[in-house]
Each structure stands twice: as C-alpha cells, then as structure tokens.
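Dock chain B against chain A, hints included.
There are 2 protein chains.
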Amino acid sequence: MGSDFAGSDFADRDFAGKDFAGVEFTKTAAHKALRALAEAPHDLTAEGALTPERIGAFQASACGFDLLYSTQRITKEVLAALGALAEETGALAQFRALMAGVKMNRIEGHESENRQVLHFASRNVFDDLPDPFDTSPAAEAVANARRELEKLRGFLEKVEGGTLTNAKGEPFTDMVNIGIGGSDLGPRALYLAVVPFSRGGRRVHFISNVDPDDTAQVLGGLDLSRTLVNVVSKSGSTLETLTNETLARSAFEKAGLDPLRHFLCVTGEGSPMDNPERYLATFYMFDYIGGRYSATSMVGAVLLGFAIGYDAFSDLLRGAREMDLHALTPDVTRNLPLLTALLGIWNRNFLGLPTLAVLPYSQGLIRFAAHLQQLDMESNGKGITRRGGTVAGDTGPIVWGEPGTNGQHAFYQLIHQSRTVVPCEFIGFRQSQHGSDLEVQETTSQQKLLANLLAQSIALATGQRSANPNKYFPGNRPNSVLIADRLTPRTLGALLAYYENKVAFQGLIWNINSFDQEGVQLGKLLALGKEIV
Amino acid sequence: MGSDFAGSDFADRDFAGKDFAGVEFTKTAAHKALRALAEAPHDLTAEGALTPERIGAFQASACGFDLLYSTQRITKEVLAALGALAEETGALAQFRALMAGVKMNRIEGHESENRQVLHFASRNVFDDLPDPFDTSPAAEAVANARRELEKLRGFLEKVEGGTLTNAKGEPFTDMVNIGIGGSDLGPRALYLAVVPFSRGGRRVHFISNVDPDDTAQVLGGLDLSRTLVNVVSKSGSTLETLTNETLARSAFEKAGLDPLRHFLCVTGEGSPMDNPERYLATFYMFDYIGGRYSATSMVGAVLLGFAIGYDAFSDLLRGAREMDLHALTPDVTRNLPLLTALLGIWNRNFLGLPTLAVLPYSQGLIRFAAHLQQLDMESNGKGITRRGGTVAGDTGPIVWGEPGTNGQHAFYQLIHQSRTVVPCEFIGFRQSQHGSDLEVQETTSQQKLLANLLAQSIALATGQRSANPNKYFPGNRPNSVLIADRLTPRTLGALLAYYENKVAFQGLIWNINSFDQEGVQLGKLLALGKEIV
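Those protein sequences? They're chains A and B, same order as listed. Taking my numbering, the leading residue of the first sequence gets 1, the next gets one more, and so forth. Taking my numbering, the leading residue of the second sequence gets 1001, the next gets one more, and so forth.
Looking at chain A on its own, in the form it has when it is part of the complex (with noise of 0.2 Å):
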C-alpha cells in the first residue's frame, strides 16, 4: 500500500479521494446514535453491573499491555457505535496518511505550517519490524532517523569508550539538558522512569524555565568540568533556552572551562545554532516533528542515549515502533490507541466530562503526566476544525494527574465523593524496577501498589453504599486500567506511543489539526514584546 504515495502531495484525502477535512463528527450519524445511548449510560453501581464476564469481555491486549475498560461505562452497543464513529471520521484511513508522509499539519484555506508529522519515523529503524509504507514521502524521514543515530552511536561509542573526555581526560558523568516545552518535559518524563537502568552512575538535569534560579541550582550541584551540556531548541532561536545556554557558558567560562569541549546541540540543520565551531557535537531534528512528539527523536536520543547507553535507548525505539504498527489494526476492540481515544471522546463528547485524570502507580512515572498534559493539551486544545471552521463539539480534555499512591492520599477525595466527576486511566505493573522489595503485614510494596490501582477502579466504578452519608461513595466514576509487567525502556516505548497515537486518534476524529500550536506562540511573541497578526 506504500507505493500509493509515492511522490503525493495530496493534503488529507484517503486513498479512495475522500475528505476527511470535511467530515465533521457532530454531524455522523454515529455521533446521533452516541447522543441517544448516552441518555442512559451503564450503571456501574447497579447490582451484577460487574461481573466477571462483563471484566472479561472489555479488555484487550498488545505490546505487553493489557488494557481493562469493564469500568467504563459502556455497553457492547456503545462500543459498536463509537466503532461506527471511527469509520465514518476516516479514523484508521488518516492514521495511516498520517504515517505515510501525508502534509497533514494543515488548516486548509489558511496560512498554517503545512507540514508532514512523521514523529513515527524517528522509530520506523529496525529492519525486522516490517513497514508497511516503505516507498512512501516518510522515506526521506526514516534515512534521516537513521542517519542520526548513527551519529548518536558513535559519539556514544566514543564517551564510553573513554575517547571522548574532558580536557583532563576523564570521563563524563553527567549531562545538563537545556530546553523547554516538548525539549524539556517529554525527555524528562522519559529518563526518570529509566533512571534505575542508568550505566555507570550517570545522571541527567534539566534546565528549562526562564526563571534564573533554575540554572543557578542545577549547575550549583555539579562537577562541571565532568558535564556535557545538551542545549535543545529546533529553531535556534528559543529565547528561554539561549538565556539558559548564556547562563550555562558564562559559569563553565567561569570555572575555566571550555564550552567546546562540553556542549552539545540538538537542532535544526541550517538554523542559527548549527555551527560546529560552538558545538562538540550537533544532532538534527526535522520540521515534520512536532516538539511534544520528539521525544523519540534526537531531543530524547542524546540525554537517553547518555544516560542508559544506546542498546537500552534503542529498546525504547522497538517499543514505539511495535505501538505504532499495532496503531495500524483495523479492529477497534483490539487496536489499543484507538480504543482508547473512543473511550475518551465517549466521556468528553457524550458523557459531557472535561477532564482526565491520569493516575500511574510507578514512582518512575513520576513526571509522565505532565508530559501528557502538554502532548494532549497542545495537541488537542483546539477551537477549529481543519478547514478553519468553528469546532462543533468539544475537543481535547484538561490532563492531569500525579502517581498513586500518593494521590490516593490527596486529591482521591474529590474523585470519590465530589459532585464532579473525573474519569481516570489508570497505568501498572505487576513487577517494581529496583525488584528491591520487603514484606510488611504480609505482602511487598509492590503488591500493596498494585492492589490499591485495581481497589481504586472498583471503588470508583461500583461506588459504596453507607448509612453515614459521609462515608457513601456515589460510584459510576468512569476508569480504565492499563497494566504491564514491568517499567522497562521498552514498555515505557509502547507507554509513549500509545498515548501519542490516542491522541492524533481523538484529533483525527474531532477533525482538528493536532500538530500545531497557535496558542503558545503568542506566548513567545509576547515574551518579545511583539503581536500576533
């Protein structure tokens, strides 16, 4: 099927010409017959609402993830109808445009970036795991991902060979990385939940505010002279990371040390940062890229790559890239993403819910909500459609969430008893990563985390009747469950792409353009006393 695009140029038509631009989802006749199921949504606290059959019949599995969704509430007719949703918006035909190279980042009939989105190909490099557009526009996209890391290996090759050092000839132990936005909060989500896999004690910081004293307490706690600095910004231009750079080579100047011999770009080939006369080294990154989808690209490649070597690295890549061909399965009951996104516009479109709550239990998760804040946010925090019309219906969710158990020990009050209701995503494992572990009261830690993900989806779902209405908990809170064995740097692979494809799923869907983002570029402007025209 790659062959058909070969040379295209076609905006977001499918193969057999149709426009999915067109195609508003308010007005599907699954969107009609959504809006009627949804009058009176499952009861998920009604006696024998959940049965062992019915948690049977809702999960599905790929990737090493099993998702269980009994504790959504939903019917086998709701989830036929929002299967019904998904062919009439063209959801899988997209997809698939979207992975083949077609310009999808587009508002037609106005000034937009214009562009192609192929964060897939930074993954889209193992020989084994086949491609099914091979010939098709992303093939400039994978020689160049391949390409670059190449690149990566050899200078990874060459700072744990011991060539590559400081100018005393010792070896790095730590990397600052400096960028903000998607070159900030993707990569850091990424390298804490793989810090127990670091090689050699080496450690990852990161510099991303404009706020001066974060540069001042990130370098105040360093050897410099064992510090590489990785300085990430697209356009070469970010006006928060070259402050921070500024910073950053004033106190290596300060400590007599040579910022040549210590800093590392990751940018855009041509732009005002690609200058090997100021950098050790300079890895690319594309424009069909967007910054909250980088984090398989070089942006997470070189801190990553540093900080687990470049075999752990590239089990993270097998991981996406094996989510992004699963992506691709035309059964909605067992294409995990989209499911996923269905079950999410199903409490955003029809249940009228704006929020979700993401809740992993794994203190290595720790910071993956709030990459999946900005990814979805940015991504799905939209007002128009694709062909700049005013968005019928509502669109992305507000995303947020902190790791259980600690929630449980906070916010978890409003989730159970509040008028408001929050649907959450839950994500476990039924393995810690330290695999360090002790019984107390008969069980490990790792059994009490994992016991707790799972009595807190029951609660939520079925609720708990008491004669003390202080202690009565309404139930019918709608939840899922996302669970592997382990946080490896494969799994956490598949975790990311999992999300990115439920999202460009829901964008797709909702028929906005998922790949922009209008609304934070006024913020750069204004922070440079200038106006959006």
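There's no promise every hint is true.
Okay, derived cross-link-like pairs now, PhoX-like style, lysine-lysine, Cα gap no bigger than 25 Å in a straight line [what the hints assert, rightly or not]: (1) A/Lys27 - A/Lys76; (2) A/Lys158 - A/Lys168; (3) B/Lys1168 - B/Lys1158; (4) A/Lys103 - B/Lys1471; (5) B/Lys1168 - B/Lys1254; (6) A/Lys471 - B/Lys1103.
These are computed hints drawn from the structure, not numbers from a lab.
Relative to the frame of chain A, chain B by itself:
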C-alpha cells in the same frame, strides 16, 4: 472577644447563636442576585473593557502581596453581591470561630471526626503579633505549638553546634523525610521553595510512595552515615510510611549503622510510633491539625528547620501568622484570602467553570500546585453539607498547574484557544531568589519572566483578533495575578496561609466540612483489604 469562647463546646454557631451549618448557600438572596448577574458577565474583550482605571480599582494588597483581579469577569455589582454572599453565609464569623478553636470539623447528626481545626495555632507563636483569641479553647494548641518549637530549637542547636553527630562524630548533611499525603506534599513543596536559603549545603530528600523503587532510588544516592531520617505519621500506623520506614531501617542496618542514631519521628502523642527507644528524637503532631494543613506544624518544621535553620523557619511561620491575622479583615475587598475565595466561587458556581489552574512563575514553586491540589481537592471535594444533606451546588474545583514559563510552551494552547475555559491564578515575584541573572536581548531573565506573566494575564482576558482563524484568541478567560517582591521564607509562609484560608473560606460558604477526608480513608482501608462500613 476571645473570652466568649472560654470553655465553650458549641459547634458552629456564631456568637449571636446563629447556626451557619444550616445556611444553604444556594438558597441565599445573594446567590439569586449572583445568578442574575452571571447571565451577562463582564465582557473583557469589549473595546475599553480593561482600562487603567479598572486595573487600579480591582486590586488589593496585604502581607507583601498584591492581588490584581481586574482580569476576572466581574463588576462592582458582582463584587458587592459576593460580599453579601459572604455576609449571609457568615464566612468571617465562622472563620473567627474556627480560629478560636470551635469544633468545626464535624457533620451534625452523624459520626464524624468532631475536632477543632487549629493549624492556625502552629504559627501563633509570636508575642508581638496580637492574638484576638488568647483565652479561647485554642490556647492549649498554642501552648503545644510553642513547646514543640522549643524542643525543635534545642534539637537543631545540637545538630548545628556539632554535639549531635553520627557514630564517627561527623555532622549530618542530609535528611530523608518519610511520609505520605499531607506529611509529604506540603513539606516537599515548601522545601523546594526555600532551597536557596539552605544552611551549609544541607539537603532534604523525600520518600512517600509505597512503590519500593522510590525508597531504593532515594537511599541509593546518599551517604547514609551522614543522613537523618524523619518518619512522619500522626496515627503511627500509616501503612505506606511504616513500609518505607522498614525498608529504610533495613538499609541502615545493612550499612552497619544504628538506626537509633539516625531516625527521628513526628507522630501523635501515645501513638504506636511514640517510643523513645526507637527514635533519636520525637516531635508531636495533634488531632486538631489535618494532614494537608500541617506544613507549619512539626510535620514541616523538622525538615525545614534542618535545611534552613530555626530562624529562617520562624520567618516562614511569621509570614503565615501575618496572613492568618489579615484574613480576619472585615472588608471583603481588602481581605485577600476571602476575596480570592469569592472570585473562585463566582467562577465555579456562577460561570460554571469546573477547574482552576495555579500557575506560579517561579521555579521554587515547582511543586506548589501539587500541594494546592491536595489542599483544595481533599478539603472541598465534598458532596454533603455539614448536616449530612446533599450539597445543592458545585464545590471545590479540580486544581492543577505547573510553573510558567514551562506551561506556556505546553498546555497554554488549550487555555487560550479551546472551547474549554480555565480560570487561572498566576503567582509571580519581582526579584529572583538567587540574584544570579544575565541580560540577553536587552532584558534580564527575571524581567522576561514577569513580562510573560503579565502579558499572559492580559492576553487571556482580552484575547486577540485575527483574520486567520488559527491565530484568533477568543479571550474572556478569567484570571488573577498575585505578586510579591521575592520568594523568601516569610512570603512563602504568607502564600501558604493565603491558600489555606482561601480554601477554608470557600468550604465555610459552601457549607461543607473542609477538614475531614472520608474519600481517601477508603483507599487506606482497601490497601489493608478492609471495607468501610
């Protein structure tokens, strides 16, 4: 006035005998007036809607902070009606009763905690700051606070003076805090905000999650022989905390260290943890201080005192005490916490906006929103009144947020351009904490930070026209700006108490009990395999 309370045991009736727990805020005359005013709220996007006169008229100052709220969708009529709502619901009279030690943590007619609410006492320790309730039932709590602070002062003198050391006679450099929920989030948020004030490079680390990876990761990076461990649990039986303490004790023993030389605790008097044979020192916390309100009690005091010294911690208490006294100001347009509580009620109940973003433009406040999330959602995420009836209106919002300018590069997209309106509370400072700064492109980083904050506030309010629908910003996004000169222990204390008192005022007006947490008790029981009955 304090003497009116001496020995009194009346519940939540004010001095004239009026029973405010019987006042349903949805049935007040002010509620009706506000509903009418909300039919056509002030349009911030209209020509001339945001004049210098308006900006000047809608601001208030206290305790080193200015609150700018002209960018809320209010008029003087709305403000007057909000003042009437505060009056009809007895907000201030109830707040005085709270502070005076009346047992207001209760649900009338049902089993409930039935306790005083006296976190105020933990900072009522300054002879030069007047106490309007000095002979009230709060007096015992004040005496307890002063006694524990004296114990802490003595302990810290020994640590700093070198008479309390490890077995080798070396001073302690690090402290690990083991706690969860209120024994973690608040102290952690405060600690991160005062790191630049640390004495002698002392550092504090936190273990909270029941996830065993958390403990392994924190302890793995420390020289345990120079580390104190502070275990915090009011009941002395919090499962996660005991589990993590067991893991930590085992790590010390493996390292050949005697836990008795390293482990402190903060617990309730007489709890299972109150055992001098197991701890180097024991500090008490009390039933009349809820976890999420405990940051200024010994729960925060021990680790903050260790990090920044007793005097700087005392400055933090002073800031909080000043804000508590300020919260008694009768004029709602001058009372910062009450004013912001009322503006929140306007947005939540009358403009129908279910969330609140807290956006601090300071790296030091990186976890402050997470603390507020717990403080607010655990306090006011309630579904029943103080008589056990169903609440007729919405209560606490979903609180979320991250520091700017990071957020500007992420979720601000949704805030600016989506259909979903998110009220925002910005927090900023005129000077940086570290004072290490640099001019890049004609402004310092701190100037850029402030310029961003103010520009975002205006842009959210007024929006921006554009012929390109993708560059159109609808505006009318209500927000406030809270600004002070510098983030110091004293302003931090005031900021903390500002939010604690805001949350309390809202709960009093909504007629809910902001001080219990049955919704999180469920999780604690589920973790033990028990059920609430």
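Under the constraints set out in the numbered hints, which ones does this structure not fulfil? Of the numbered hints given earlier, the structure breaks none, since each of them holds.
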